[in-house]
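Number of protein chains: 2
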Amino acid sequence: MITRLSEVECRRVIQAGRIARLGCIVDREPYIVPLNYNSEDNCVYSHSLAGLKIKALRRNPRACVQVDEIESDLCWRSVLAYGNFEEIITPNQRKEVLGKLLKRFPMLTPVESSIAEDGSSLQVIVFRIKLDRMTGVSEG
Amino acid sequence: MITRLSEVECRRVIQAGRIARLGCIVDREPYIVPLNYNSEDNCVYSHSLAGLKIKALRRNPRACVQVDEIESDLCWRSVLAYGNFEEIITPNQRKEVLGKLLKRFPMLTPVESSIAEDGSSLQVIVFRIKLDRMTGVSEG
Numbered sequence: 001m002i003t004r005l006s007e008v009e010c011r012r013v014i015q016a017g018r019i020a021r022l023g024c025i026v027d028r029e030p031y032i033v034p035l036n037y038n039s040e041d042n043c044v045y046s047h048s049l050a051g052l053k054i055k056a057l058r059r060n061p062r063a064c065v066q067v068d069e070i071e072s073d074l075c076w077r078s079v080l081a082y083g084n085f086e087e088i089i090t091p092n093q094r095k096e097v098l099g100k101l102l103k104r105f106p107m108l109t110p111v112e113s114s115i116a117e118d119g120s121s122l123q124v125i126v127f128r129i130k131l132d133r134m135t136g137v138s139e140g
Numbered sequence: 001m002i003t004r005l006s007e008v009e010c011r012r013v014i015q016a017g018r019i020a021r022l023g024c025i026v027d028r029e030p031y032i033v034p035l036n037y038n039s040e041d042n043c044v045y046s047h048s049l050a051g052l053k054i055k056a057l058r059r060n061p062r063a064c065v066q067v068d069e070i071e072s073d074l075c076w077r078s079v080l081a082y083g084n085f086e087e088i089i090t091p092n093q094r095k096e097v098l099g100k101l102l103k104r105f106p107m108l109t110p111v112e113s114s115i116a117e118d119g120s121s122l123q124v125i126v127f128r129i130k131l132d133r134m135t136g137v138s139e140g
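Just so you know, the sequences run in chain order A and B. Last residue of the first sequence? That's 140 in this note's numbering, and every number before it is there in order. Last residue of the second sequence? That's 140 in this note's numbering, and every number before it is there in order.
Derived from the structure by calculation, the hints contain no laboratory data. Honestly, I wouldn't trust all of these hints.
One copy or two, it doesn't matter: identical chains are merged, so the pair holds either way.
Said to hold, decoys possible - With a Cα cut of at most 20 Å, we get these calculated EDC-like pairs of lysine to aspartate or glutamate:
1. Lys100 x Glu29
2. Lys130 x Glu29
3. Lys55 x Glu87
4. Lys95 x Glu9
5. Lys55 x Glu29
6. Lys95 x Glu7
7. Lys55 x Glu40
8. Lys55 x Glu69
9. Lys95 x Asp132
10. Lys100 x Glu139
11. Lys130 x Asp27
12. Lys100 x Asp73
13. Lys130 x Glu87
14. Lys103 x Glu9
15. Lys100 x Asp41
16. Lys103 x Asp73
17. Lys55 x Glu7
18. Lys95 x Glu139
19. Lys103 x Glu29
20. Lys130 x Glu71
21. Lys103 x Asp132
Fair warning: this is a prediction, and the values are worked out from it, not measured in the lab.
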């Protein structure tokens, strides 16, 4: 039996997760990419090299992030949260966000680690999805 | 280092996977839902109760399916395949598709099992995404 999750439970799933699927619209088609992230203050923070998804999100910032906890085919929770893509460009903020990502994902590459030290390289795009709506369902 | 997957490797990932994230566009927003599926003949087959995603896909059939194999933060493969949503409505075809899904996912509910026996109940939407383009990347 599938039941709806409360907003509190949705937030718990998003905060606990490590991999989200980020959805956006590219040339009128849906687009999905897996994403390591950190969530706080009702935002999902992540980073990316410049590429298709960043180009698309700059043009159309509407995005969604789907996070799930799948224990088996019949025991799972899935949350879908919507929000707008916002680039983080000031060095101090970039440093803070990358620092927290690095702490959560210590396996990030040495390049990213060194960027995190001063937040200055603009090759890495640092961004957040500012969430404004979420729904969730669970089974089992 | 992130590298591009060949089409053969993309197909292998999709055929081997059990959970895809299905993406579509709902009211000009991206939408993602996890999906158990079976893949053959360049299609992804699945089923669903009527609801938001089915309503949206009937209106705009363009969809994507993202399938990944994630071993660690630095060792993963992810494939994104695009295609059109097509409902399967003839009882024989429905029976065949549901039968294969049931074989792959024996934990499907008794309701679905009984539907699979004759494929006749229209409460369960049976559909395929007919893939026409795919890309994949891997790391590690």
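Can you give me the call for Lys103 and Glu9, within, between, both or neither, at a CA distance of at most 20 Å?
-> neither (24 Å within a copy, 33 Å between copies)
Taking 20 Å as the upper bound on the Cα-Cα distance, should Lys100 and Glu29 be classified as within, between, both, or neither?
-> neither (32 Å within a copy, 29 Å between copies)
Using 20 Å as the alpha-carbon threshold, which applies to Lys55 and Glu40: within, between, both, or neither?
-> neither (25 Å within a copy, 33 Å between copies)
When no copy is named, should Lys103 and Glu29 be tagged within, between, both, or neither for a Cα gap of at most 20 Å?
-> neither (34 Å within a copy, 32 Å between copies)
Which holds for Lys130 with Glu87 at a C-alpha limit of 20 Å: within a copy, between copies, both or neither?
-> Result: close within a single copy only, 10 Å intra versus 35 Å inter.
Check Lys130 against Glu71 for me: Cα-Cα at most 20 Å, and say if that holds within a copy, between copies, both or neither.
-> neither (28 Å within a copy, 29 Å between copies)
Measure nothing new, just compare the shortest in-copy and cross-copy C-alpha distances for Lys95 and Glu9 to 20 Å and report within, between, both or neither.
-> neither (30 Å within a copy, 37 Å between copies)
At most 20 Å between C-alpha atoms: does Lys100 with Glu139 qualify within a copy, between copies, both, or neither?
-> neither (32 Å within a copy, 22 Å between copies)
Homo-oligomer pair classification [Glu139, Lys95; C-alpha up to 20 Å] = For Lys95 and Glu139, the Cα distance exceeds 20 Å both inside one copy (39 Å) and across copies (25 Å).
Evaluate Lys130 and Asp27 at a C-alpha cut-off of 20 Å and name the case that applies: within, between, both or neither.
-> between (22 Å within a copy, 19 Å between copies)
Intra- versus inter-subunit Cα pairing at 20 Å for Lys100 with Asp73 = between (33 Å within a copy, 16 Å between copies)
How would you classify Lys55 and Glu69 at a CA-CA limit of 20 Å: within, between, both, or neither?
-> For Lys55 and Glu69, the Cα distance exceeds 20 Å both inside one copy (30 Å) and across copies (26 Å).
Of the numbered hints stated above, those contradicted by the structure are hints 1, 4, 6, 7, 8, 9, 10, 14, 17, 18, 19, 20, 21, listed in ascending order.
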